[in-house]
Amino acid sequence: MILLIILLIPFLTGSFLFLFRNNSSIRFVALAASVVNLLLTLLLAFSASASNFAINWINFMGVQFALGYDGISLIMLILTNLLFPFILLAGFNRDQKNVSQLNFLILSTQSALIGVFLAQNAFLFYVFWELALIPVYFILLIWGGDGRRSITLKFFIYTLTGSLFLLFGIIYLYHLTPGNHSTDFAIFRQLHIPESNQIWLFWILFIAFAIKMPVFPFHTWQPSTYTMAPTQGVMILAGVMTKMGIYGALRFLFPIVPLGVLYWQNTIIILSLIGVVYASTIAFRQSNLKKLVAYSSMAHISLMVAAMFVQNQFALQGLLFQVISHGVTIVALFYLVLIIKEKTGTQEFQQMGGLKLKAPQMSIIFLIVVLGSIALPLTAGFVGELLMITGLFRQSAWFAFIGGTTMILGAIYMLYAYQRVMLGEEKSTHEKITDLKSLDYLILVPLIAIILVLGIYPQPIFNLVEESVRSMQNLLSPIATVVSAIVH
Amino acid sequence: MKNFSSAIQVIPLEHYIILCTTLFCIGLVGVLYRRNTIIILMCIELMFNSVNLLLTAFSAYHSDPAGQVFVFFIMIVAAAEVAVGLSILVMMKRNVDSVDINLLNRLKW
Amino acid sequence: MSALIFTIVLGIILLYLGFVKNKAILAPVAIAGLMITLFLLFKDWGLGSKYFHDMIVFDNFSIAFNISMVIITILIFFFGIDYYEALEFHVAEHYALMIFALTGAFLMTSFSNLIMLFLGIEILSIPLYVLAGGKKYSYRSNEASFKYFMLGSFATTIFLFGVALVYGASATFYLPEIKIFISQFNGHLPPMMLVGLLFILIGVAFKVAVAPFHFWSPDVYEGAPTLVTAFMSTVVKTAGFAAFFRLLNMGLLPLPVPLEKALWVMTGLTLLIGNLAALKQTNFKRLLAYSSIAHSGFIMLAMLSQHNTSASVILYYTFVYSLATVPIFIIFILMKRAADGSEELSIFRGLYKQKPWIAVFLTILLMSMAGIPPTSGFMAKYQVFVLSISQGYLGISIVAILMAVIGIYYYFFVMREVFTEREQSYPIQVSKINAALIVVCGVAVVMLGIFVWNLPI
Amino acid sequence: MIPHMNLALLVPALPLLGFLITGLGYKRFRNNQAGIIASSAVGLSFLISLSSLFVLRNSGQDSATLTLFNWISVGKMNIPFAFLIDHLSLTMMLIITGVGTLIHIYSIGYMHADNRVNSFFAQMNLFTFSMLLLVMGANYLILFIGWEGVGLCSYLLIGFWFENPAFNYAARKAFVMNRIGDLGFILGIILLFFTFNSVSFSEVFAQASSFQVGAPVITLITMLLLVGAVGKSAQIPLFTWLPDAMAGPTPVSALIHAATMVTAGIYMIARSSVLYILAPTTLTLITIIGLATALLGAIIGLKQNDIKKVLAYSTVSQLGYMFIALGVGAFSTAVFHVTTHAFFKALLFLGAGSIIHAMGGEQDIRKMGGLRTKMPVTYWTFLAATLAISGIPPFSGFFSKDLILSKAFEHNFILYILALGGALLTSFYMFRLLYLVFFGEQRLAGSHPHESPKVMTIPLIILAILSVFGGFLNVPTLFGGDSNFGVFLQKAMTSFSGEELSHTTEISLILISSLLIGLVILFAYRTFVTKVLVPKADGEPMSFFGKFITNKFYIDEFYATIFEKPFRFLSGFLYQKIETTILNPAIEGIGVATLKLGELVRKIQRGNMSFYFFAMVAGILLFIIFILTI
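Residue numbers (our numbering), protein chains in the order written: chain C, 42 to 529; chain U, 282 to 390; chain B, 3 to 459; chain P, 860 to 1489.
Keep in mind the hints are simulated off the structure, nothing from the lab.
Any given hint could be a false lead.
Stated by the list, open to error - Result set (DSSO-like, lysine-lysine): computed pairs, CA atoms no more than 30 Å apart in a straight line:
{"hint": "1", "chain 1": "P", "residue 1": "K1226", "chain 2": "P", "residue 2": "K1313"}
{"hint": "2", "chain 1": "U", "residue 1": "K389", "chain 2": "B", "residue 2": "K287"}
{"hint": "3", "chain 1": "B", "residue 1": "K355", "chain 2": "B", "residue 2": "K25"}
{"hint": "4", "chain 1": "U", "residue 1": "K374", "chain 2": "B", "residue 2": "K181"}
{"hint": "5", "chain 1": "C", "residue 1": "K473", "chain 2": "P", "residue 2": "K886"}
{"hint": "6", "chain 1": "P", "residue 1": "K1313", "chain 2": "B", "residue 2": "K263"}
{"hint": "7", "chain 1": "P", "residue 1": "K1462", "chain 2": "U", "residue 2": "K374"}
{"hint": "8", "chain 1": "B", "residue 1": "K338", "chain 2": "B", "residue 2": "K263"}
Stated by the list, open to error - One side only, chain B facing chain U, incomplete, derived with CB under 8 Å:
{"hint": "9", "residue": "Y18"}
{"hint": "10", "residue": "V132"}
{"hint": "11", "residue": "N144"}
Being a predicted model, the structure only gives us computed values, none of them experimental.
Glycine included, C-beta positions come from ideal geometry on N, C-alpha and C.
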């Protein structure tokens, strides 16, 4: 029942926002709802008893409204509910149009995302998957920047194309289920699909996730969308929605088409590693801060994808840890990009520089976030990347090496960005710039605290996911041994 | 009635089919090649009648009255249709002062 | 049967009410009459009564479709209250003709004999020829009615020729008997029968605008008065598909292989042409016409994936499609009025700014058309895909999915206009009835998506 | 568990505390407050380190492990956040906190005019903390935390004057080059983990004995770790960042880029001596790298005119000597040289800082001269350090460097000759520096050099004392000592027990080298004091070799050509060609093509009735043919 409450709180609160006239009270109510949700989630995470919720929905299609969770869901849930208060806070005291609608859309997104992570039924998963996209589409369309009309449409069509293939896959799986068909994950997991089918089914299912994450070369929607998107939108996109792809892949690919995964494993890892190097290299070339951060996000996600497909315990735990770490870091980064844009009126490096003189505190905070992003030890990013690279190493030392170049390349482009924005001589346009305001601290300091605390004491997260990771490995390992027995 | 049927059956069924198909095709080709709406309407009538003839012939050969009943229905409907059609034609004449079918082509793409 | 008779009487009553010169009473009478029809239809549920030597069978299938069509017609009449207020011409005829067309539609859902199918099609079509030309002095309306009539009667001859050939081969007009006749041949039908069946199918396919026999529909939809377009794209389409399905289900299943393949080709073509041609449309009515063709493709997909739930899926699909289409046309009319008669997509600009709630509901409706959860349009498409994929038609399902993407593109293209601001704004007036209608339909579209039903028909 | 050993936890904790206080409250402190806080934090650390040393000695045990909490525990990977206190780490702790305290105090004077002095001290304290973490870590990952932490602080402090783009570039270069090494290092750690199922020193070293000498996996591990060490300790090929790092304030150069951080690589290899002993190939490579770096650094140092650059190349060169020591298996000797080098190099840098301070920021030695009388304390301390680094007995550098040379001699004669050559070069460029700066006439008009304040000179004096007498920590048996230091360190690491040189050989070696060094100093005196040869100004024509050396063998340019430019090109190529010209259009092309197709399909609807009839009939005919043929 608590799951249902967590699912509904944001959406219902969002619906009632239209009753308020005052912008600040709207924002406050929205924030309060998300904070309550965060508290409930933490309660859930650290309570011993498991909880789930299921009622029949569409009987003749084998669809149950079933909510439940395991460690992986929980991580995603924590991430979502952790980030949304900050995302909502980022709107405070800013000049926005249609505040109630914006907050409604943000809260709806939250509900949908929670739904995605809690759904125990592929159909339900898909419904929430699409539902999450729609409010974001409108956030981008209405509150976006230049060129939003065509970019949002491209983004939407691009992601939906993938989603529809996923739908195809779900239906295909559904029709394979015995007896009264069902779309339960639990029943999907028991299917024994012949390898030849798994090989193509893998791509049908994966393409949606690949676009969402995004994996090279399916990323082309991402930089332009991130650049154009309003800050809150891009926070949702980069912070949480990329994780939808990871979550989906973990839910669908490994338990359901394990042979397909084994068949394509190296291909995907190599693609992702190309993505790591590619995005990092390109990031260095950017003249726009937001775009640079967008590419950096892609580089990090690519590494996570590579780690996901390695499928050993280090990689998986590192991945799930990195899910949180990346979410927090990228949200902080995009918030900083927003402030910088507000202060300097630009995102182009050419017109920036020397901001540290006017805003030393901002520069320190920016630096810490940058360091978190380039995985300096004692930040959360390091723990995740270390484990992922360890996992990759287990597969192949070369994978680990190429994945590890993110350490170098990340340092190159992030410090480049830091230097261009904060250091150097002061620009004449910067005269009236002031340092951070208290609201900014309210957002950034907790985020940084999370980055540091998780870097210093990551163990709680590992404990949370350990069991799920083990069960996921158990799913794969017998098959892997069978396959290797056949091969040799 | 019996005699009438047997009189029809003197001619082999194939001949009816060929005749009717030919008539139908003439109508079809007329529809395709003529541009005058009235002539096209007449061609369509021709096609209707070929169907009527065919049905009658089949009816006779199968000794089943249903086909002929159908013919009556067709004739009634065809008459109704032509009535509507001609009034549309009048309306068209009033609007564009022509009965050329290709003159009305503003709705396209 | 009583519903059928009552509807005819209702049509005549409405005709006579035209003499009263009071437009205000027409719609209430028509709506009340249709309510009664609805009641009568409900009463027949489950009886499966047969009439006229079994030429008409009012089974659950036909009643379900009839109810769906009557509900949509009622919606359209509600829409008409506001729509006809602005028009000067003889309104009574319009109501009456639509009611007559509805009776034709009833016949199309309940025939079991080709004669009844023919009559149904004609009773449906002839009033529509007139309705399409309803704006007497409008060039476009004139053209629409002319094209519809010419092509329609041509298609009728094709249909009839097919009937004649089938009759010649099988010596019967009864579908069950035709089915028995076909089953004798183990799939190798004589050419005459095959061609005859093909012609019949083409005749019906023409009515539901299946490619390559769809050419009339964009032009007619665009030219006809909007209310009539709404009627055509909903009720007529539903009737056409009901007839199509009934024809296949009662008479032809299992389909002879060549015909099945031919129908697959038509389905593919319909999906492709409908969606692709809609992509670059700038005229909204025309866009909806193409989208309607596209939807025909999806329904065909469900129909050809023969399964015992196909009928229910088609019913669901057509109903939720109609439910979304009618209010979209209403909103379109409102915008068109505000934009001085323009029908371009750009007339939707600024809607969100002026009437955010209307914009929101339009969004929901368009989302339903595009097939995005949680709307019923998604559920409809989902069920179609479930059918086609579980019957193993993977290739065409992929095509359909790609076409669904294209569909999403053009619907969202419209939606984008809604949320784009406009330089100079103009007042958009929404009457209370229309607003209520839009809200009801919008809510229904979502609710039907959440509470999906599966009728055993 | 050793009683009172937990005290050692305070050693890193105090600088951390100092960092937090000065860092968070950086707006509040006025004047020297921050400096005093920071210095006392490090100073206290030093005292605690000392007491820890006594605690450990009294306990009779060799080492103590202090575990704080479980940092990462995933599957088999179990990494506690733990510290290892043994003789090696204590040595390093003492150097870091001891020299660090002096440099902190010195900085109070040096930085007093800077308006960001508070954040300077915060960063210095953070550095000290990281460095202590590095040397105290009980496993490779804790070491790595410190390793990266010092890299960060180095980055921050090099770019301390952030308004200068060149300084920022230097800072980034340092960080990135370090990161290249770090990648190798972390991969090495991971391989280590998979080999031993642990990364903690004690477990790894305990298991290492089961491997044979030359085992490939050990060689690979040591090679990868070496990559890290090469990056951090500025060896060929990753040394170019160190001279550029001189962009930072001079105390930073003294602390980070001379005394402590750059020796982290040596510490790490010495710490891993158990593994390196098993990998002779790697040791040979280390020797070669060390020798090459020692010579290259010395040669470049000959022609540098920036006082700090000279010292930087000298550092590079001295680090090379330490690598030679490591390479020949004389790990404790390397650490010994680390210690003495920390004293005299810190002193040299601080002296240089004092000079720069006096010259008002001027760093070009061609413009100095005659400072001997103006700045007597600086002169004398600088002289002591110069003598130490040149290896004149009995200064500290003599003991350590001579030990290295004799170990090299044991190992290979050619190695010895080359290493000796490097030592001669060292004394030449150091005395060149000394003479040009302190002797002759003052060459820069209008400046009034003056002796630095006490807060700066006192650290100089203390360091001078250490530079002079530091060598007596480890008096070899030859001079009647008992190699205290070496024995002290033996407990923490292993070494080759090669045959001892006979005392006669040793004495003759010492005589030869001392004689040669004396000659070199004389030569330098003749060149720069008697003849007053001032190096040429930048624009003047030079001989080919002179140009070559002045331009540092064009290595920076070489790297720019083979790494930086290709990377920039690749970046631009990927972005402009692949991303925007191929990938984006390819994906968008699908959309555009579909739209085109849509336009085409739309045009079929021609609005012409004849065409509609025709299309319908054609469709019918095609379908008839279709069904009849299929």
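How the hints compare with the structure:
Pair hint P/K1226 plus P/K1313 holds up; C-alpha atoms about 25 Å apart against a cutoff of 30 Å. Taking the CA atoms of U/K389 and B/K287, the gap is near 12 Å; set against the 30 Å cutoff, the hint holds. Taking the CA atoms of B/K355 and B/K25, the gap is near 34 Å; set against the 30 Å cutoff, the hint is violated. Between U/K374 and B/K181 the CA atoms are separated by roughly 47 Å; this puts the pair beyond 30 Å, and the hint is violated.
Taking the CA atoms of C/K473 and P/K886, the gap is about 20 Å. The hint holds against a cut of 30 Å. Proximity of P/K1313 to B/K263 is assessed by CA-CA distance (about 101 Å); at most 30 Å being required, the pair is judged violated. Of the supplied pair hints, the one linking P/K1462 and U/K374 holds, its CA atoms being roughly 28 Å apart against a limit of 30 Å. As the CA atoms of B/K338 and B/K263 are separated by approximately 42 Å, the hinted pair breaks the 30 Å bound.
The closest approach between the C-beta of B/Y18 and any C-beta of chain U is roughly 20 Å, which is over the 8 Å cut-off, so the hint fails. For B/V132, the shortest C-beta to C-beta distance to chain U is roughly 6 Å, which falls under 8 Å, so the interface hint holds. A cut of 8 Å between beta carbons decides the hint on B/N144: the least distance to chain U is about 5 Å, and the hint holds.
Of the numbered hints listed earlier, those contradicted by the structure are 3, 4, 6, 8 and 9.
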